[in-house]
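**Student:** The primary structure of each chain is shown beneath.
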Amino acid sequence: MGNKMKERLVKVSNIRKTFGSGIASVKAVDNISLVIERGEILLIMGPSGSGKTTFLSMLGGLLSPDSGNITLDGVNITQMKSTQLSEVRAHTIGFIFQSFNLLEALTVEDNILFPSSLTKEDTVEVNKRCDRLLNTLGLANRRNALPKILSGGEKQRTAIARALINQPKLILADEPTGNLDSQSGLEVMMLLHDIAREQNVSVLIVTHDPRVEDIADRVLWLEDGRLIDRKAEKHVWVKDPVCGMRVDEWRAVHFVKYNNHRYAFCSKRCLERFESNPEVYIKGSDSPTD
Amino acid sequence: MVTQWGLKSLWFHKGQTLSSILGIAFSFLLAMFFAGVWQGETEQIVAYPQKVKPDIWVMQKGVSNMHMAMSFVWDWKADVIEEIPGVKQVTPFIYVNSIIHLNDNKMFGFIVGLLSAESRAGPWEITEGRMLESDDEVIVPAELATIYNTKINDLIQIIDQKYRIVGFSEGTYSTANPVLFTLKPKLERSLGSFGTYSYLLVDSTPGTNIELLLKKIQAEVNKVNVLSHQEFIRNDFAMASQMGVDIIFIMTLICISLATLIIGYASYSLVLRKQKEIAIIKAMGATNRRLLMTVALQSALISLLAYLVALVLLYILELIIPLVAPQISLSLTNKIILQPALLAVMTAVVGSGYPAIKILHLDPALVYQNG
Numbered sequence: 001m002g003n004k005m006k007e008r009l010v011k012v013s014n015i016r017k018t019f020g021s022g023i024a025s026v027k028a029v030d031n032i033s034l035v036i037e038r039g040e041i042l043l044i045m046g047p048s049g050s051g052k053t054t055f056l057s058m059l060g061g062l063l064s065p066d067s068g069n070i071t072l073d074g075v076n077i078t079q080m081k082s083t084q085l086s087e088v089r090a091h092t093i094g095f096i097f098q099s100f101n102l103l104e105a106l107t108v109e110d111n112i113l114f115p116s117s118l119t120k121e122d123t124v125e126v127n128k129r130c131d132r133l134l135n136t137l138g139l140a141n142r143r144n145a146l147p148k149i150l151s152g153g154e155k156q157r158t159a160i161a162r163a164l165i166n167q168p169k170l171i172l173a174d175e176p177t178g179n180l181d182s183q184s185g186l187e188v189m190m191l192l193h194d195i196a197r198e199q200n201v202s203v204l205i206v207t208h209d210p211r212v213e214d215i216a217d218r219v220l221w222l223e224d225g226r227l228i229d230r231k232a233e234k235h236v237w238v239k240d241p242v243c244g245m246r247v248d249e250w251r252a253v254h255f256v257k258y259n260n261h262r263y264a265f266c267s268k269r270c271l272e273r274f275e276s277n278p279e280v281y282i283k284g285s286d287s288p289t290d
Numbered sequence: 001m002v003t004q005w006g007l008k009s010l011w012f013h014k015g016q017t018l019s020s021i022l023g024i025a026f027s028f029l030l031a032m033f034f035a036g037v038w039q040g041e042t043e044q045i046v047a048y049p050q051k052v053k054p055d056i057w058v059m060q061k062g063v064s065n066m067h068m069a070m071s072f073v074w075d076w077k078a079d080v081i082e083e084i085p086g087v088k089q090v091t092p093f094i095y096v097n098s099i100i101h102l103n104d105n106k107m108f109g110f111i112v113g114l115l116s117a118e119s120r121a122g123p124w125e126i127t128e129g130r131m132l133e134s135d136d137e138v139i140v141p142a143e144l145a146t147i148y149n150t151k152i153n154d155l156i157q158i159i160d161q162k163y164r165i166v167g168f169s170e171g172t173y174s175t176a177n178p179v180l181f182t183l184k185p186k187l188e189r190s191l192g193s194f195g196t197y198s199y200l201l202v203d204s205t206p207g208t209n210i211e212l213l214l215k216k217i218q219a220e221v222n223k224v225n226v227l228s229h230q231e232f233i234r235n236d237f238a239m240a241s242q243m244g245v246d247i248i249f250i251m252t253l254i255c256i257s258l259a260t261l262i263i264g265y266a267s268y269s270l271v272l273r274k275q276k277e278i279a280i281i282k283a284m285g286a287t288n289r290r291l292l293m294t295v296a297l298q299s300a301l302i303s304l305l306a307y308l309v310a311l312v313l314l315y316i317l318e319l320i321i322p323l324v325a326p327q328i329s330l331s332l333t334n335k336i337i338l339q340p341a342l343l344a345v346m347t348a349v350v351g352s353g354y355p356a357i358k359i360l361h362l363d364p365a366l367v368y369q370n371g
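Protein chains in written order, with our numbering: chain A, 1 to 290; chain B, 1 to 371.
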């Protein structure tokens, strides 16, 4: 990251969000503070129900925190009215979703241009930018296609182009590789990486996909509404000897010692299967790796 | 682009949009059709006085029209009026509304008793048969021949007397009151109204001031009501229309309520189906105002298209009805045609009300719900 990235784009201070009340209340986000630099790729991981979506919604101005402040590009968005928030979203934030969320009745080109219609930007300039995005993202020949005939990768590239059309300062990506095969997922990751590096756009990615870690400047773990900086913590990636999934040994709940060796598992089921016949699984399993 | 999205979404869900348009069109069509039929019927009800068209009508005091009315004027008053300067001729006739029996069918009819077969009080167009020659003969509307398979020489009963049909006439039929013509003596005997007429048709000499003549007749003849032809027609039309006002109002209300429900349901189901997309659009920065305007535009467009479809269907009906149901008179006035256009606007506004509330309360954070 160059000096340009040291400039702060987002500052989150002590935000909290609780749903429900009394005994049924759930602390979705509990006193989170965070700074995102310009051009930084920040990855937020965590189990389901950890508060990732709530946090993302608050950063995107879609949900108000119960307390605390979110400053975006020097402007506190927590006290804004809905019309002001709409302005901020239209000009400053680009959204990318797991299920692509394209507008099904509009063509690829119209989907990409849609956010620009919510701003007062010059149409000629926007159209030129749209052409560039279509070419860069390999969608030029799909310009007039409806989303229903696109592949998953094409849909997500369209969604990325849509997120970029208004030249946002922040991109919020929710599981951007979640519905993609590994090749398309890799393409999308590289695109997000290039966007951050070349256009100095901050990219916040919420995901379960550990492959995305490869492009992240920083990885945060969100659990029970709290953030933990994973880069600052000790962690070890190992392979589950039963299913072959990558498991963080540091956080693994299911593990067993066998022949003086510690094995970690993604689930209780894998642990049970291992215990039933360890020799079958030990053959070919990896040693723990960093 | 939000508008474009709204319109393209309608096109994208063509089936649902089309069924909504047809449903609303059908409601508009019913409203216009009923109003048109009633208008046509009303016009036919006043067809007889329209055709007679004297300068002045004279009738019993307190009576001001013909439809469903009864009037008695002493016969000598016709002679008095005939002597008034400016009066060219006075044509009296007797008139009664009564149940008539035709080939085992009962119907309501207006019977005109003429003083002579050559009376200017009708009938005017004989399509089949001949003019009256004796007082036990009757001329009936040609439509009755079609509907009840009636032929010349068939017998028809009016009050307590039988009459022989000798001709069919055109121009004075309506479902509510077909006008039949006979000669006065036999009808007078049935009514026991000797020495009286029902109405006097007064024609003036050329150049006479009708208003002055009217006042003169009113001044010189006691216990009569004297009206210009225009006023008499106005009264008769008002009376005929008034009888159906409530029914037409209720029918229109039902049809428009139905249209409003359909447009409301169509808009609401579209909003429901599109709520994820609406959340996306909101998340991307669209204001509620913009989305509401789009939904209103969608509703307005559906209503407008429904109105146009209803108009096309109505004109097709106007062409078909005389062929398949000649007894139905359909009259499409500007008011009947334009009224649903205004109602369509109202329908669109009311129909998009609930979907609008749904949009206002739609949480843009819904974008993070998968599926």
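What the hints contain is simulated information worked out from the structure, not anything from laboratory work.
Don't take each hint at face value.
Dumping the calculated DSS-like pairs for lysine-lysine here, alpha-carbon to alpha-carbon at most 27 Å [what the hints assert, rightly or not]:
1. Lys-14(B) - Lys-128(A)
2. Lys-14(B) - Lys-151(B)
3. Lys-148(A) - Lys-151(B)
4. Lys-128(A) - Lys-148(A)
5. Lys-120(A) - Lys-8(B)
6. Lys-358(B) - Lys-169(A)
7. Lys-162(B) - Lys-216(B)
8. Lys-81(A) - Lys-276(B)
9. Lys-186(B) - Lys-216(B)
10. Lys-81(A) - Lys-215(B)
11. Lys-148(A) - Lys-186(B)
12. Lys-27(A) - Lys-276(B)
**Student:** All hints are to be evaluated individually against the structure, with a verdict given for each.
**Tutor:** Hints, one by one, checked against the model:
| no. | hint | in the structure |
| --- | --- | --- |
| 1 | Lys-14(B) - Lys-128(A) | violated (33 Å) |
| 2 | Lys-14(B) - Lys-151(B) | violated (54 Å) |
| 3 | Lys-148(A) - Lys-151(B) | violated (69 Å) |
| 4 | Lys-128(A) - Lys-148(A) | holds (25 Å) |
| 5 | Lys-120(A) - Lys-8(B) | holds (22 Å) |
| 6 | Lys-358(B) - Lys-169(A) | violated (31 Å) |
| 7 | Lys-162(B) - Lys-216(B) | violated (41 Å) |
| 8 | Lys-81(A) - Lys-276(B) | holds (22 Å) |
| 9 | Lys-186(B) - Lys-216(B) | violated (34 Å) |
| 10 | Lys-81(A) - Lys-215(B) | violated (75 Å) |
| 11 | Lys-148(A) - Lys-186(B) | violated (83 Å) |
| 12 | Lys-27(A) - Lys-276(B) | holds (26 Å) |
Hint compliance for this structure: hints 1, 2, 3, 6, 7, 9, 10, 11 are not met, and every other hint is.
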